[in-house]
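Each protein sequence line maps, in turn, to chains A and B.
Going by the numbering used here, the residue at position 51 of the first sequence is 51; the numbering climbs one at a time, nothing skipped.
Position in the second sequence (first residue = 1) + 1000 = the numbering used here.
There may be inaccurate statements among the hints.
As the list claims (entries may be wrong) - Facing chain A, from chain B, some residues (calculated, C-beta under 10 angstroms):
(1) V1035
(2) D1042
(3) T1239
(4) R1241
(5) A1244
(6) T1324
(7) Q1325
(8) A1332
(9) R1354
(10) R1356
(11) R1357
(12) A1361
For the record, the hints were derived by calculation from the structure and aren't laboratory data.
Note that the Cβ used here is the ideal one computed from N, Cα and C, for glycine as well.
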Amino acid sequence: MSYPADLKYTKDHEWVKIDGANAKVGITDYAQKQLGDVVYLELPQVGRTFKKGEVFGTIESVKAVSELYSPVDGEVTEVHSELVQHPETVNKDPHGSWMIGMKVSGGQDDLLDSGAYTDLTK
Amino acid sequence: MTTSPSGTLKKTPLNARHRSLGARMVEFGGWDMPVEYSGIVDEHMAVRSRGGLFDVSHMGEIEIAGADALKAVQHITSNDASRLSVNQIQYSALTTPQGTFVDDVLTYRIADDHFMLVVNASNIVKDFHWIAERVKEVGGDAAAVNTSSRYALIALQGPVARDVLQTLTGVDLSAMKYYWFGTGEVAGVRVTISRTGYTGEDGFEVFVPPVSAERVWDAILQAGKPSGVIPAGLGARDTLRLEASMRLYGNDMDESTTVVEADLNWIVGWKKDEFLGHEILKKQKAEGAPRKLVGFEMLERAIGRHGYDVYIGGEKAGVVTSGTQTPYLKKAIGMAYVPADKTAPGTELEIDIRGRRVKAAIVSMPFYKRAK
C-alpha cells in the first residue's frame, strides 16, 4: 500500500490530514500491519487538548496494546465513534480510518511527507 | 514498534520457508519464529474450521533411557508414567521439591525403559540440567540426553488434519488414539507421528529429521491446500490454546506456582509413593491451596492481559496470567490466580486495565471444547 501524498506522517506511525486549522488523525498501513488484527480502540472525549507526542488513546490488537500519539498540538473536536464499534476497519482501510478530528494549534511544521515516511518504513 | 530480529537468534530448519511465505517474524524464547502469516484471526479460524500447519521445532526433546528410566521419570514428574503403555503419551509437570513447575511436559513412552519429554523452548537448557542432576541422584541405570537438535517438529491441527496427513503416510491414523504416537513415513521421510496438539482441535505433531523438515512441511501444505490448510504462527497458537484453556508456561504457571494452584490435579499421580514435591501437593489437595487458577470473561469491552491486577470487592485479589480477544468465541477471555475461596463461576472481578477498573466474571473452563 502506498502512502497518500495529501497526508503527513510521524515517526510513531500516525498520519494526519490537515485542512486549514482542522485535522483528522489515524494510524498508517505500516502500523496496522505491525499490530495485526485490531480489536479495541480507546479514544478521548471531545474537548480534550493534547500536545504533539502526547498519548491521546490506545489501540489494541489480538496480541498487543499500543498507545496513540498526537501528531500535532490541538483540541479534540470529533471522535469517530463508528470506528470504535468496528475497529477491524483500521486493518482494511488504515488511511481512510480517521480516529479523531482536531483543531490544530501548532506542531505541524516538522511532520514527514509521504516520501520521507515511505523511506522510514523501508 | 520493533524491527525484524537479528542473526543472534536460533533458527528452526523451516526459517527460510517462513520468510518466503511472508510471515512476520518475532523473537520467542531465543528463537526467530513466525508470529503470523495471513493474520492471527484468519489462522485461528482456519484451525477451528479446516486446518493450520505450525512449525514448533523450537520445542525441546529430552530422552531418559536405561533399566531404571521409569524410576527416574516417576521421581521427576508429577503424573504416573507407569500407567503409560509403549507408544502412549501423558501431560505432566516437571516439579520442584516445592511442588511448583520447572516446566510442563509431554511424556512419551518410546519403550519400556526409554522415555522422551517434550519441553518448552525457553526451558530446554534449564530442564536438561535439572533432569540430568535429578537422574544422577536417583542412581541406577538411567541417563538423560538432550536430543532437541535431532528433531524438527511440525504440527498439523484442525478438523481436516487426519484426512490430509493420511494422504502422505501409510500409518493408519484413524487407529491412532488421542495422546498416542507411532513411527512411519510421511512424504517418504522416516518420522514419529503423535496425535497431540495445543489448539483444542484434533491434530498431529510430526517429529522430523531437521534435514527433511522442508520436504515434509511442503508436502503437508501442498496436500492440505484443496481443503484449506494454511500456515499458522505463534500468535494463533496462543489464542487457540487459551480458548481451549491450555496453560502456557511462564504465563499461567512457573516455579512460583504449584500444580494444585494451576488447577491441574489431573496430571498428578496421587497413588505414587513419591515424586518431587509430592508432600506439598498432597497437602494442598487435602487442605486446599491458597489460590487457584480460574477462567474469566470480560463483561465490558476490554482485554485483561498478562500481569494486570485483579480486584474482588475492591480488594486486590490476584493477577491475570493470560488474556486475549478470542477470534472464534469473539469474547475477551483470560486466566487469573484468585484466592481459593473466591473461585465460584459468576464471581465478579474487576481488572485494572491501565489504570481503569473493568468488570469481568469467573467462568468455568474450558472456554471452548470441540464437538466430538
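Which of the stated hints cannot be reconciled with the structure, identified by number in ascending sequence?
-> 4, 5, 11, 12
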